[in-house]
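J.: Heads up: the protein sequence lines correspond to chains A and B, in order.
Per numbering that gives the first Met the number 0, residue 0 is the first one in the first sequence, and the count goes up by one each step.
Per numbering that gives the first Met the number 0, residue 0 is the first one in the second sequence, and the count goes up by one each step.
Rather than coming from a laboratory, the hints here were simulated on the basis of the structure.
The beta carbon of each residue, even a glycine, is placed where N, CA and C say it ideally should be.
Check the hints yourself; a few may be wrong.
As the list claims (entries may be wrong) - Across the chosen pairs, the derived CB separations fall in these ranges: (1) B:Glu74 x A:Asn260: 25 to 33 Å; (2) B:Gln143 x A:Asn260: 45 to 53 Å; (3) B:Leu154 x A:Asn51: 18 to 26 Å; (4) A:Lys188 x B:Leu138: 28 to 36 Å.
Number of protein chains: 2
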Amino acid sequence: MIENVVIIGAGNLATQLALALTGKGIQVKQVFSRTLEAACELAGKVNAQFTNNLSALMPGSDLYIVSVKDSAIQEVMMNLPADKNRLVVHTAGSIPMEALSRFTNNYGVFYPLQSFSKYRNVDFSGIPICIEAHHAATLLQLQQLAERLSSSVHLVNSQERKTLHLAAVFVNNFVNHFYTIGYEILQDKKLNFDLLKPLIQETADKIESMSPLNAQTGPARRNDLGVISDQLNMLQDHPEFQKIYSFVSQSIYHIHQKQNNDLL
Amino acid sequence: MIENVVIIGAGNLATQLALALTGKGIQVKQVFSRTLEAACELAGKVNAQFTNNLSALMPGSDLYIVSVKDSAIQEVMMNLPADKNRLVVHTAGSIPMEALSRFTNNYGVFYPLQSFSKYRNVDFSGIPICIEAHHAATLLQLQQLAERLSSSVHLVNSQERKTLHLAAVFVNNFVNHFYTIGYEILQDKKLNFDLLKPLIQETADKIESMSPLNAQTGPARRNDLGVISDQLNMLQDHPEFQKIYSFVSQSIYHIHQKQNNDLL
Numbered sequence: 000m001i002e003n004v005v006i007i008g009a010g011n012l013a014t015q016l017a018l019a020l021t022g023k024g025i026q027v028k029q030v031f032s033r034t035l036e037a038a039c040e041l042a043g044k045v046n047a048q049f050t051n052n053l054s055a056l057m058p059g060s061d062l063y064i065v066s067v068k069d070s071a072i073q074e075v076m077m078n079l080p081a082d083k084n085r086l087v088v089h090t091a092g093s094i095p096m097e098a099l100s101r102f103t104n105n106y107g108v109f110y111p112l113q114s115f116s117k118y119r120n121v122d123f124s125g126i127p128i129c130i131e132a133h134h135a136a137t138l139l140q141l142q143q144l145a146e147r148l149s150s151s152v153h154l155v156n157s158q159e160r161k162t163l164h165l166a167a168v169f170v171n172n173f174v175n176h177f178y179t180i181g182y183e184i185l186q187d188k189k190l191n192f193d194l195l196k197p198l199i200q201e202t203a204d205k206i207e208s209m210s211p212l213n214a215q216t217g218p219a220r221r222n223d224l225g226v227i228s229d230q231l232n233m234l235q236d237h238p239e240f241q242k243i244y245s246f247v248s249q250s251i252y253h254i255h256q257k258q259n260n261d262l263l
Numbered sequence: 000m001i002e003n004v005v006i007i008g009a010g011n012l013a014t015q016l017a018l019a020l021t022g023k024g025i026q027v028k029q030v031f032s033r034t035l036e037a038a039c040e041l042a043g044k045v046n047a048q049f050t051n052n053l054s055a056l057m058p059g060s061d062l063y064i065v066s067v068k069d070s071a072i073q074e075v076m077m078n079l080p081a082d083k084n085r086l087v088v089h090t091a092g093s094i095p096m097e098a099l100s101r102f103t104n105n106y107g108v109f110y111p112l113q114s115f116s117k118y119r120n121v122d123f124s125g126i127p128i129c130i131e132a133h134h135a136a137t138l139l140q141l142q143q144l145a146e147r148l149s150s151s152v153h154l155v156n157s158q159e160r161k162t163l164h165l166a167a168v169f170v171n172n173f174v175n176h177f178y179t180i181g182y183e184i185l186q187d188k189k190l191n192f193d194l195l196k197p198l199i200q201e202t203a204d205k206i207e208s209m210s211p212l213n214a215q216t217g218p219a220r221r222n223d224l225g226v227i228s229d230q231l232n233m234l235q236d237h238p239e240f241q242k243i244y245s246f247v248s249q250s251i252y253h254i255h256q257k258q259n260n261d262l263l
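So here's chain A without its partners, still in its complex pose (with noise of 0.2 Å):
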């Protein structure tokens, strides 16, 4: 059983993550990052240790969790004092868990599939944790560990979370900047979001009960070219929103064109 962590980062997905494990009891014995500051500041908040030197990394932790940006981890896992047991599990998304074997004979993966803030603490409980490793034992250990702090724990292999990680881009990123650019929109004209707030809820609540495809509603969907045409032009001072507005605008006609011609 998994009882304390180390863990390699200080990032958004980091900090959340030492955060929780800490609510439920598992310790974190030490914090590395790059800036020793960014170290000291999460393991203040989770009473750890902290470096900013991985040849100081502590050893015997029974699990090291490497929380770095993708383009990193492998400079992360060549720079670790050598221990070829020491089970060692990354966070992100689009990194096959092979990238993770030339370095231990015992790792994984632990990939919590939210958008995470550094000052925005978040609920684990519902959390989808898409967990894969190399040993049976040790999807176990992951497994335990992950149920800890959610209900939702799943067996996802690196191809599957690659996906799932696309698709989250679509879902969180992309829309976030759609949110921006609202948010923009509005502030040229000196309107204030907060007007657009219920409808982003509603969005989102929406697909709850509905698939998104029915939920659809909109110019686009109509294929009302009068008003597709009008807001068009009331982006001419921004034009890389603009040609987003006609790609978007294209693919809902197309996938709704397509959903009807699918009906006949």
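Mind docking chain B on chain A? Use the hints.
T.: For chain B alone, coordinates are given in the frame of chain A:
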């Protein structure tokens, strides 16, 4: 004071508005729809008369609400029995109030800023209702009516309403399309869309406490070119989604690069 209304239209918004008004004790006297079946269905829900013939529209109602698709508003107005004193409002985001001025001396707009579906009942109490009227006295009447439905009533002119509608298309129609794309990506690989629902909910919740610009995470914001090119490859069977992915990622990167420069 407006005590009774006639509703012209029986679509998503007309349906939800008729239900909400009835719920607040305002009588829906008659429902018109081009198709008798739709008129009958909605009229049955609110205990109203119904017709598919505009010349049979009953006279003497306190308010006539035209809630049809934008491109049909002119045609409906042209076919109403002549009555220059009839109080008429439309419910469209993109149509100027003055579009009604040829047909009556007493007109306005009653625009609930929300996405409606026929069979998903919504709570109007928090929905922003944007009103506008040609006469001050009419504005007051519409304001009193709107306040019976919602605590969020706003005086919004035609130009502002168009801007709100444009922003709403981004945060609702386009966002919902990205839910659809997420759904399709997972369905291709037989993964369950429910796994994305906590993420979708958190994405919407987050902006209650953070600006969307600050809430942004993901490969495009980090400019993680490895993940971006990998995800573009995964979309090779969906060239349309690929194009959207590219443009939105670029737009995220640009907006955050601009913000970083502004901070220097």
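J.: Starting from the hint list further up, note which numbers the structure goes against and sort them upward.
T.: 3 and 4
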